[in-house]
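Asker: Protein sequence lines, in the order shown, are assigned to chains A and B. The numbering of the first sequence is my numbering, which starts it at 1 and goes up by one. The numbering of the second sequence is my numbering, which starts it at 1 and goes up by one.
What the hints contain is simulated information worked out from the structure, not anything from laboratory work. Where hints are given, some of them may not hold.
[Claimed, not checked] Facing chain B, according to a computed beta carbon distance under 7 Å, are these residues of chain A, among others:
(1) Cys135
(2) Leu155
(3) Gly234
None of the values given here were measured: they were computed from a predicted structure. Ideal Cβ placement from N, Cα and C applies to all residues, glycine included.
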Amino acid sequence: MPAGKKYDRYNSMLVVPVRMHHRFRALMWRHVMNARRVVVAAALLLATFIGSGGTAAGQQPEPPRVPDLSGGWLRLDSGSGSFDGTVAKHPPAELTAAGRSMVVPGDGRNLIPQGGFTGPAKQAGEAYIVNSGACTPEGTGGSAINPNSTAIFLLQSKDEVLMVREGPGGRRFYMDGRAHPDLAKLPPSMYGHSTGRYEGNALIVETVGLTEGNVQGGGKRRPETRLTERFELGSGGKRLTITYTWDDPVLYVRPHIYEYVFERLPEDSYAFETWCDASDPLQRQSIVPPKQQ
Amino acid sequence: MRKLAAALLPVAAILAGADPLAAQTAAPHDISGYWELPVDGRFVPRARLSPRITPAMIEAEARKTTKAIRWCNWVGMPTTMDVGRPLNIRQGAREIVIMAESPVAPVRHLYLNRKTHIDKDTFDPTTSGDSIAHWEGDTLVVDTTGFEPTKGITEIPGGGFRTASAHLVERYRLLRNGTVLSVKFTWTDPSVFQTPHSYEFRYQRVEKGYEPWPYQLCDPFDQERAAFLEQRQ
Numbered sequence: 001m002p003a004g005k006k007y008d009r010y011n012s013m014l015v016v017p018v019r020m021h022h023r024f025r026a027l028m029w030r031h032v033m034n035a036r037r038v039v040v041a042a043a044l045l046l047a048t049f050i051g052s053g054g055t056a057a058g059q060q061p062e063p064p065r066v067p068d069l070s071g072g073w074l075r076l077d078s079g080s081g082s083f084d085g086t087v088a089k090h091p092p093a094e095l096t097a098a099g100r101s102m103v104v105p106g107d108g109r110n111l112i113p114q115g116g117f118t119g120p121a122k123q124a125g126e127a128y129i130v131n132s133g134a135c136t137p138e139g140t141g142g143s144a145i146n147p148n149s150t151a152i153f154l155l156q157s158k159d160e161v162l163m164v165r166e167g168p169g170g171r172r173f174y175m176d177g178r179a180h181p182d183l184a185k186l187p188p189s190m191y192g193h194s195t196g197r198y199e200g201n202a203l204i205v206e207t208v209g210l211t212e213g214n215v216q217g218g219g220k221r222r223p224e225t226r227l228t229e230r231f232e233l234g235s236g237g238k239r240l241t242i243t244y245t246w247d248d249p250v251l252y253v254r255p256h257i258y259e260y261v262f263e264r265l266p267e268d269s270y271a272f273e274t275w276c277d278a279s280d281p282l283q284r285q286s287i288v289p290p291k292q293q
Numbered sequence: 001m002r003k004l005a006a007a008l009l010p011v012a013a014i015l016a017g018a019d020p021l022a023a024q025t026a027a028p029h030d031i032s033g034y035w036e037l038p039v040d041g042r043f044v045p046r047a048r049l050s051p052r053i054t055p056a057m058i059e060a061e062a063r064k065t066t067k068a069i070r071w072c073n074w075v076g077m078p079t080t081m082d083v084g085r086p087l088n089i090r091q092g093a094r095e096i097v098i099m100a101e102s103p104v105a106p107v108r109h110l111y112l113n114r115k116t117h118i119d120k121d122t123f124d125p126t127t128s129g130d131s132i133a134h135w136e137g138d139t140l141v142v143d144t145t146g147f148e149p150t151k152g153i154t155e156i157p158g159g160g161f162r163t164a165s166a167h168l169v170e171r172y173r174l175l176r177n178g179t180v181l182s183v184k185f186t187w188t189d190p191s192v193f194q195t196p197h198s199y200e201f202r203y204q205r206v207e208k209g210y211e212p213w214p215y216q217l218c219d220p221f222d223q224e225r226a227a228f229l230e231q232r233q
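The shape of chain A in the complex, shown without the other chains (with noise of 0.2 Å):
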């Protein structure tokens, strides 16, 4: 998107209205004595106009209406109950052979044991370890792009979508039509770089720059590859679909796709605040998944 359209496009919502306010200004006054009558009548054609999406011969095509994002989402869980279950829910990547011979150094603190998340979906009650005891920005997982089972809260200001967790750090998505950096002059980073625009009803996220790993389903990334997330509500605003596409020749024989579907947190709720401390043996240890009923 070119630098500035979307300045341009939320400007047009706001001049539209103005623009017929001058159209039938003369009209109401020929009729309208009343100054409360005017007040009313004229919110009620704004209220109107704005509401239809309506555009006048020559006007520029309706804006893209910006979603209600903002709020706290907690993943719904679609698998068996464990972590690899939802995963194995997944459509299983297609690797090049480049893909699939690419080996994964994690980010050189061993933060996901070796072989972690590439076996078969454990069964319930059956222990493993799933972290080193590290602690990063998203916890001891790490899980900096795939939201994990804590809540997400997304805000929406101007510039910046901001997408935080139950602990330090965030992905912020720029919204003011900036481009990715060279990637040559970009560290990868467990966020990458983000670009966001809104398109319909749907934020689009972009992301290059993030560290070598691994991806949900099997997949793999690197600093070049693409993921372009979507953002789409649905059930009248109550429920989130984030539709994850990564995308990269060298890894991927076609883009690899899958999805989370997350449910709104009530109004009132509220961001907890996850502790992790890497001092402590106890978070080393296994995590054994409930017995399921």
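Given chain A's structure and the hints, the job is docking chain B onto it.
Answerer: Just chain B now, with coordinates in the frame of chain A:
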């Protein structure tokens, strides 16, 4: 009539359920942006501590700080507001989020959509506490309780430390045509302070287009780092 139209626009937008950003950007108060605390941005008088506070208690709090830094623990309040890198403050309709550019500073949520704190029987104390906010004229007033007293960095600038009974009031105000953000902190806690302890930070707005540089992750298992930090103990 132009004034009338301008006044009607927000009404019409609300009636039509127009997009949340349009209403949001029309708000008279907005402290959104990146804010950096310069070297000369701190006014921190010495706290008047309660006579019950002993040197041993102060030493114990200092040990907590050392441990928190050594093991990359979440630092929490008040350190989140002074991590040596800019704060990203974003204001929405329901809340204001403060995200420090640090891998160990928890995100702060300042709730604009409620006037009371979460019930103490419900809220599990955290290093950031439970924050509610409202505007008083040109000042954003943030009220925080529900602090966790044992985790993170508990020390407070000027002396004293965060306890479970601490009550923090922050007053945010834009100065100098919006280029400076003044935050006045006032800690009230009879178990620590003789009188409420106040200090002020003045943040400078970071230029538009600024992007946080990816920060180094805090690695508690980096032995060289650990050896460096353990010299302080």
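Asker: Run every hint past the structure and note whether it holds.
Answerer: Each hint tested on the structure:
no. : hint   : verdict
1   : Cys135 : holds (5 Å)
2   : Leu155 : holds (4 Å)
3   : Gly234 : violated (17 Å)
Comparing the model with each earlier hint shows a violation of hint 3 alone; every other hint is respected.
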